[in-house]
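Whenever a hint applies, use it, and build me the whole structure from the sequences.
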Amino acid sequence: MTFEYRQNAPVFFGPGAVEVLGEQVKALGCKKALCVYDAGGEASGGVDKAIKSLEAAGIACVRFNRVKPDAPMEIIDEGGELGFKEKVDCIVGIGGGSSLDSAKAIAILMSHPGPIKQYILAKPIAVKTEVPVICVATTSGTGSEVTHVAIVNRTDLNAKWSVFVTPTLAIVDPELTLTLPKRETANTGLDALSHAAECLTCTIASPHSDLHALAAIKKIADNLYTCWSEPGNLAARSEMALASNWAGIAFDESMCHVGHSLADGLSCAFHTPHGYNCALALPEALNLVAPVMPEKLKLIAEAMGLPLKGGETGEELGKLVADGIRKLMRSMEVKSLKELGFDRARVLACANEVAESHLSRFCPVDITPQVAETLLARIYDNY
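Per this note's numbering, the sequence shown starts with residue 258, numbered consecutively.
These are calculated hints, taken from the structure and not from any lab test.
A couple of the hints might just be wrong.
In the SDA-like style, the derived pairs of lysine to any residue whose C-alpha atoms are separated by at most 25 angstroms in a straight line are [said to hold, decoys possible]: (1) Lys289 to Gly315; (2) Lys374 to Ala612; (3) Lys306 to Pro326.
Distance ranges between label pairs, derived from CB positions [as the list claims (entries may be wrong)]: (4) Glu552 to Arg618: 20 to 26 angstroms; (5) Phe270 to Asn639: 32 to 38 angstroms; (6) Glu487 to Lys592: 18 to 24 angstroms; (7) Pro548 to Glu596: 28 to 34 angstroms; (8) Lys592 to Pro267: 35 to 41 angstroms; (9) Asn490 to Ala379: 37 to 43 angstroms.
Quick reminder that beta carbons are idealized off the backbone N, C-alpha and C, glycines included.
Structure, rendered in structure tokens:
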């Protein structure tokens with residue numbers, strides 16, 4: 258067996274870690290930062306803490322607070338124009354996945370001509386940036402601070418596609434997640450769970466990515482509900498922040514598969530949150546692969562603390578894990594597509610997009626339009 262493993266960015270982790278941001282950016286030789294975030298990050302207080310650290314180190318800060326969910330390409334172009342005009346020498350993303358992905362994509366436009374859509378293709382490409390990209394995570398979900406993936410919404414095509422941009426430095430401070438509302442806590446935490454479980458069961462998983470994925474699954478199973486029910490529990494928030502980061506490392510070394518294909522299809526159709534869509538898709542994705550990967554499903558069941566009698570078939574393990582995930586979702590009041598009023602036929606209409614997604618090829622089961630439609634029907638009917 259041969260495989261590659263790496264970690265893209267050094268990570269500064271722990272309560273209060275944001276305080277080292279300014280000195281670390283200064284050590285990179287930077288003097289002027291474009292700070293990229295959304296209105297929610299600003300309201301949470303995390304943005305102010307990050308900018309305070311930067312300014313204390315003598316880093317001039319240009320604020321760009323126009324980030325939107327799923328990083329629409331028009332917002333990326335707008336941020337790129339501002340950064341270029343202000344002659345910034347680094348990009349600092351502060352927030353969840355959309356903010357961090359936006360920061361990575363904006364960095365492209367500091368050294369490459371726009372618009373950004375020419376780099377956002379159905380088959381992702383890697384783009385080398387000339388300015389450092391620093392990622393400050395304020396949610397425990399995407400792990401984007403340590404992945405080379407930036408997701409951008411090609412609004413002209415109603416498609417969410419990737420570009421590969423490597424971050425320079427990551428700050429993971431659990432204190433920045435303490436103000437995260439309950440719904441976002443659930444959605445982002447379930448996103449991290451989907452990263453870990455899909456990466457564990459993809460076709461290019463390695464022992465190293467499995468190590469991080471399994472550790473992340475256990476921490477999420479042990480701590481996500483506590484974070485939801487006790488938002489101020491710093492110990493649980495710290496465990497979730499670490500789990501999200503480790504799931505991101507697993508993602509960077511392996512790949513998500515059909516669960517994320519399903520989630521992206523739902524996102525483009527209904528504009529529901531990415532983590533919510535991933536949560537809906539994960540039970541069905543794991544049920545699908547369970548017969549061909551029973552040993553991996555057993556590991557997931559063990560990490561989740563689910564009851565095992567021994568000798569379970571792949572199908573039985575798939576049902577056990579899927580039911581366990583749905584139980585966790587219900588405990589955090591995650592609503593179904595039916596409860597939100599979405600039409601079943603519109604859900605099933607996403608099938609071709611799911612089958613055509615580049616992520617589906619990393620699933621150990623062939624994803625045809627018919628298989629995709631069946632999975633979408635189960636998402637709608639089973640939760």
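If you check each hint against the structure, which ones fail?
none
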